[in-house]
Every structure is written in structure tokens, then in C-alpha cells.
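Line by line, the protein sequences give chains A and B. For reference, each letter of the first sequence is one residue, going 0 to 542 in numbering that gives the first Met the number 0. For reference, each letter of the second sequence is one residue, going 0 to 97 in numbering that gives the first Met the number 0.
Keep in mind the hints are simulated off the structure, nothing from the lab. There may be inaccurate statements among the hints.
[To be verified] Calculated pairs, DMTMM-like style, for lysine to aspartate or glutamate (alpha carbon to alpha carbon, straight line, at most 25 Å): (1) A:Lys-36 to B:Asp-82; (2) A:Lys-65 to A:Asp-354; (3) A:Lys-96 to B:Asp-82; (4) A:Lys-76 to B:Asp-12; (5) A:Lys-96 to B:Glu-26; (6) A:Lys-76 to B:Asp-60; (7) A:Lys-96 to B:Glu-57; (8) B:Lys-9 to A:Glu-282; (9) A:Lys-164 to A:Asp-80; (10) A:Lys-96 to B:Asp-20; (11) A:Lys-96 to B:Asp-60; (12) B:Lys-9 to A:Asp-501; (13) B:Lys-9 to A:Glu-259; (14) B:Lys-69 to A:Glu-259; (15) B:Lys-9 to A:Asp-354; (16) B:Lys-9 to B:Asp-60; (17) B:Lys-86 to A:Asp-80; (18) B:Lys-9 to A:Asp-33.
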Amino acid sequence: MYQYDKYDQQMVDTRVAEFRDQVERRLAGELTEDQFKPLRLMNGLYLQLHAYMLRVAIPYGTLNGKQMRMLGHIARKYDRDYGHFTTRQNIQYNWIKLEDAPDILADLASVEMHAIQTSGNCIRNISSDQYAGAAADEIADPRPWAEILRQWSSFHPEFSYLPRKFKIAVIASDEDRAAMRLHDIGIQLVHKDGELGAKFFVGGGMGRTPMIGPEIRDFVPADELISYAEACLRVYNRYGRRDNKYKARIKILVHELGKEEYTRQVEEEFAHMKTLGLNPPVEELARISEYFADPAFEAGASDDLDLSDPDFNLWVDQNTVAHKQAGYSIAIISLKPQGGIPGDASSAQIDLMADLAEQYSFDELRVTHSQNIVLPHVKKSDLYALWQKLDEAGLAPANLDLITDSIACPGLDYCSLANARSIPLAQKISERFADLGRQRELGELKLKISGCINACGHHHAGHIGILGVDRKGTENYQLLLGGSAAEDTSLAKITGPGFSEDGVIDAIETVTDLYLKERQEDERFIDTYRRVGMARFKEAIYG
Amino acid sequence: MNILTGNDLKTGDVTWWTGSDWSRHVEDAVDVGENFEAILQEEEASRRVNVPYAIAAEMTDDGPRPAHIKDRVRALGPTVRPDLTLKPADPEAGNWVI
Ligand code: HEM
Ligand code: SF4
């Protein structure tokens, strides 16, 4: 894992001191809320439904045991004993006191973490593949690139006041586990003629106008990747619409200019930038990459597993993924217990996951965009002991990628922008489909719920999506079908008129029943939907 | 009726205007009628509350209830965590929220 150098640490420490002073001045009445609000937002501190909310950045979803334990400590000491892992691989605390915020940031800084650029019109936390460095199918490790992008984008003076927020994802395999094409910039590392470089996709996003980012370049040599990203941002910074918040994202610019014209301008800017010599020095790339060297895997570790315990067998089958190293697995801890709140974890659970990472996964954890936690490097011979400890703590639901592994935004229970609650729906659906045999029969099924059009719960990208709307002061839910955040990215379509809470759950059952009836061979839900088409599903739902 | 609400500056707690102070319990809220601009300004300036605003509410036997669902959720706490609401011991406490 990357470790802060003195510059990183100094930047973060200085920021904590600055914010401490700003909070003191706010509490003393020297700053009004209008003056203070932009300052607190630059430090990830929002004001939400019940209190201040703090969003902490987890760079590309990667953290170590010490950092995870600090997240648990913060939940216990300053919040109400839990945190919420988000679709942007971050964590949010819902009950923060303004007077505690500087101490929390200082605690975070002591473990090389912060909440900078988790709000505002700047480049947000870089997201990446949660299996980076462990996946059997990656062509290179995306983390050094995510880290370089993090350093480049942190406090980048030119990109602190963009027209709107900006999200970048980096992946390095054909399978997309990071919703890459639904980011403002999606970067896929690829090889061409034996050389490492990247494909660029620009102008994707969700929110009220969802768009899939088109590919604008099939190969940027690796050492020019930052310059190319910078060129993409420069064109956006200059021409992105600042007059209308709803048209300010880069997706609108790319859409309005057209991919060809946007690309032409980026290429022109890029040609200019190449003359400036702005690529990061090669030694710096090498220095950063060293931090991401493989851990000391045991050579010749056995691939044998005793699967005689049926519950363990199910968990291994559902929640572990092939590792690049023989004798190792990637283990996914589902934060979606039956009837639970997707993405929430108690301080005790967070502590336990920190311990288990130290004990079984070379001190590494990852947060996934589907609000689960990954132990990336577990020796197969340790899996049973690990599973037993997880199970004891309620952390072993064997439901990865099944219908109860849903994504849900905080919705009206916590979020001041919400139209409807998201969490109770996720809970009720997980009760309705509680039977694991039934879930496994349905197979891979991505259910994603947002409490409003901002789409924090990725409803546009759900095989089944739910969008909460306000109908004359009561909660109402629209059902969407056919989205995907994977390499077959697609945007879900609304089925028709909205439903009550119970109504939408019934409709989901209708939809899954139809799928089981129509399914051919080993089609997933999304495959059957794509083959059969919306009309059949609509007819089944609305008669 | 109109009632005033905001968040405590230091703690962020949701609070309601009682006529002389801010309470965490919506039951303590008073009707401010139409003349609340001065109170809002004075209270914001005195830093007892952060970004206060007026909302429509209805008087019931149990006290004032905000008209909008969002403020009802604010008044009680998250519906999915009854243990974290203002009335954790009373399972019926949230029946009026939704
Ligand atoms: C509770 C406080 C939150 C607020 C006020 C908030 C606000 C917003 C807004 C306004 C947008 C739309 C931006 C746009 O389209 O330009 C948005 C998008 C998004 N938010 Fe949130 N959000 C919150 C919490 C969350 C949480 C908890 C998550 C993760 C579970 C999240 C993840 C996202 C994602 C993934 C998007 C879509 C990004 C895109 O449009 O490309 N947000 N949020
Ligand atoms: S989708 Fe809407 S309700 Fe859900 S967290 Fe985002 S802004 Fe809030």
C-alpha cells in the first residue's frame, strides 16, 4: 500500500490545523454559515437530515488494518457506533458534532487519511477495481495509476473550481468491476504491441441525465496518461457549462459538442501539453509502484479446501473470487445481512474486519462500490477459520451479486435531498427473498435503489433499479429494468407508472418470476431481459 | 400553523423553536404565525441555531406535526434505526412519521 511521504503528511496536517481554526471562528461567530459552508464542505462536512455528516475518502477503496480500526474508533468515539460504506468506496458518518470535526480529521491524519475533496466541484476520490493487485484477470495493477491520479488531483489549483464535481475510475481488466464507464473519466489500462497504456472513456455519469462515457482514445501511452487526463479536464474546465448546475457535468459537454469535436479539442490541448513537459517523472512512477509490490505470498500454497461444512461451502462458492496467486482467494465480506442496512457496519464489526485483514490478508482491505468489504489476499487454507469468525459477527451472508446484495443510498432516512426512503425497501426485499436457495436460483441480479434522481444508489445501472419519487407528499417508487455497470454497461429504462413500497416489491417478484419462466439455459436475468425485451416485462407487471 | 426548525450549531442536533429557546422535541414547537423573519435572523445571529427556517405544521392531540415527510423524519430520527430516535423505548413512537 502507498505510504504518505513528508509532503502528503504535511498537506494533510496543515489542512487539519486550518480547519480547526475555521471551526473555532465559526463557533465564535466570526464566520457566518454562508461563509463557513464552502469551507466545511471542502473538508467533507455536510449538514444532513439529523446532524452534520462527514464523508471520509478511502483512496481507490484501499485501506489497511490500522486505518480501518481508526474508522471504527471514530464511529465509536464521535458517532453512534456505526458507519456507512458508500458506492464511491468511501465511508460516511451521520451524527457528527461540528465541535468534534477537527479532532476527527486529526485522528484521520494520524493514519494517513482525510476528507479532502469529498465534496465540491473538484476531482473526487479516484475509484478503482476492488480486486486490484489480486485479480487473476488484470493486465497490470491499476493502483499505482490511481495513486498518481490521486496525487495529481489533490489540491490541483487549476481543477479546484470545476463547473461541477468530477469522478475518475481506473481499471485494468476487461471485466469492469468499478462502473468505469459511468464516471466522468473512465480509464482502462491496456497493452498495445507489448506497451502499457490506457483507453480513455469520457463523459459518463449517472444523476438526472445518465450517460455512458464514449471511448475517445484507444491508447494513450502510460507515461502520458496524466497529461491526457489533464487535457480532458482543461477542455471541460474551459467550456463546461457554469450557468446551469444541471447541465454542468462533463457528460453534457461531451454530448452537446459531440464525441468527435470534444476529442478533437482534447487532442489539440494534449499536443500543446506535450510541449510543456508535464508528465510525471519516471522515477516518481517507479517510486509509487514499489508500494504496490505483491505481498509475500507463500509459494506452493495448497488449492485444496475442505468443503464438508455446507454453509461454508455456500459462502466459498458465492463470496470468494479467483486470485492470481495459486493457493489464495479473494474473499468478499457482504454488508447485506437479511433485513439489514446495506453498507452499514458497527464499530465492533469494523474492528473485527481490521483484525481479520491483519491476520489473514496481508493487512489489506478494500471497499467495493456495491458497499461490501474485500479481503484481497486470503490463503485458501485460512478460509475456513476466517469464515467462522465472520459468521459469528454476522458478516458472512453468502449473497454476493445476488438480489439481496443490493445497493441502497441513505435516502430519506438520512439525506436532505431525498424524495423517498431507500433503506426500508432494501430491507423488505431482502426479507421477501430471504431464502438463499431462491436467491441462487435467480443468480446474478443487481438491485440498486436511489432515494432521488441524483442516483447515488446507481439505480440507472441496476439490472433492476428503483428510484424514489415524491407523489403529492408521499413516497412513490419507479421501477427500472435493464441497466448494468459492468463491461456490458447499459442504462435501465423505467417500466411505467410508479408504485407504493409494497407495490414495487410485488412488481419485482413478478419480474423475477417471469425471468425464471423465460430463462434459456444459463442466462442471467439481464441476458433474458435483453433478449425478451421490455414489453413482455411491462405486460407482466401492469397487465 | 408555522413552526421554526434548524440544527444546533455545535452538535448539529435537529431543534425546534419553543418561543424562547430551541428544543430537540417537536412537541415543544410553537406556532409563529407569519411573523418569523425577525426571530430567524436574531437566532441565527445569536448562534443558538444553524440555518433556521419556517415550515408548515399541523396541531394534533400529541402536539405539532410537520406537514412534510422530510421534517417528520427529522423530528423523530431515521425510521430504520428506532434505537437512534428520540424515543428508542417506544416502538409506536414513529407511527405518525410516514
Ligand atoms: C447524504 C448525502 C449526499 C448528498 C447530499 C448527495 C448528493 C448528490 C448529488 C446532488 C448528486 C448528483 C450530482 C450530479 O448529477 O451532478 C449525487 C450523485 C452521486 N452520489 Fe451522492 N449524495 C449523498 C450521499 C451519497 C452516498 C451515501 C453515496 C453512496 C452510497 C453517494 C454516491 C453518489 C454517486 C455514485 C453519484 C452519481 C455520480 C454521478 O452522477 O456520476 N452519494 N450525489
Ligand atoms: S440519491 Fe438522492 S436520496 Fe439518495 S443519497 Fe443521493 S441525493 Fe440522497
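Evaluation of the provided hints:
{"no.": "1", "hint": "A:Lys-36 to B:Asp-82", "result": "violated, 30 Å"}
{"no.": "2", "hint": "A:Lys-65 to A:Asp-354", "result": "holds, 9 Å"}
{"no.": "3", "hint": "A:Lys-96 to B:Asp-82", "result": "holds, 19 Å"}
{"no.": "4", "hint": "A:Lys-76 to B:Asp-12", "result": "holds, 17 Å"}
{"no.": "5", "hint": "A:Lys-96 to B:Glu-26", "result": "holds, 23 Å"}
{"no.": "6", "hint": "A:Lys-76 to B:Asp-60", "result": "violated, 38 Å"}
{"no.": "7", "hint": "A:Lys-96 to B:Glu-57", "result": "violated, 30 Å"}
{"no.": "8", "hint": "B:Lys-9 to A:Glu-282", "result": "violated, 47 Å"}
{"no.": "9", "hint": "A:Lys-164 to A:Asp-80", "result": "violated, 30 Å"}
{"no.": "10", "hint": "A:Lys-96 to B:Asp-20", "result": "holds, 20 Å"}
{"no.": "11", "hint": "A:Lys-96 to B:Asp-60", "result": "violated, 33 Å"}
{"no.": "12", "hint": "B:Lys-9 to A:Asp-501", "result": "violated, 39 Å"}
{"no.": "13", "hint": "B:Lys-9 to A:Glu-259", "result": "violated, 51 Å"}
{"no.": "14", "hint": "B:Lys-69 to A:Glu-259", "result": "violated, 44 Å"}
{"no.": "15", "hint": "B:Lys-9 to A:Asp-354", "result": "violated, 34 Å"}
{"no.": "16", "hint": "B:Lys-9 to B:Asp-60", "result": "violated, 32 Å"}
{"no.": "17", "hint": "B:Lys-86 to A:Asp-80", "result": "holds, 18 Å"}
{"no.": "18", "hint": "B:Lys-9 to A:Asp-33", "result": "holds, 16 Å"}
Of the numbered hints listed earlier, those contradicted by the structure are 1, 6, 7, 8, 9, 11, 12, 13, 14, 15, 16.
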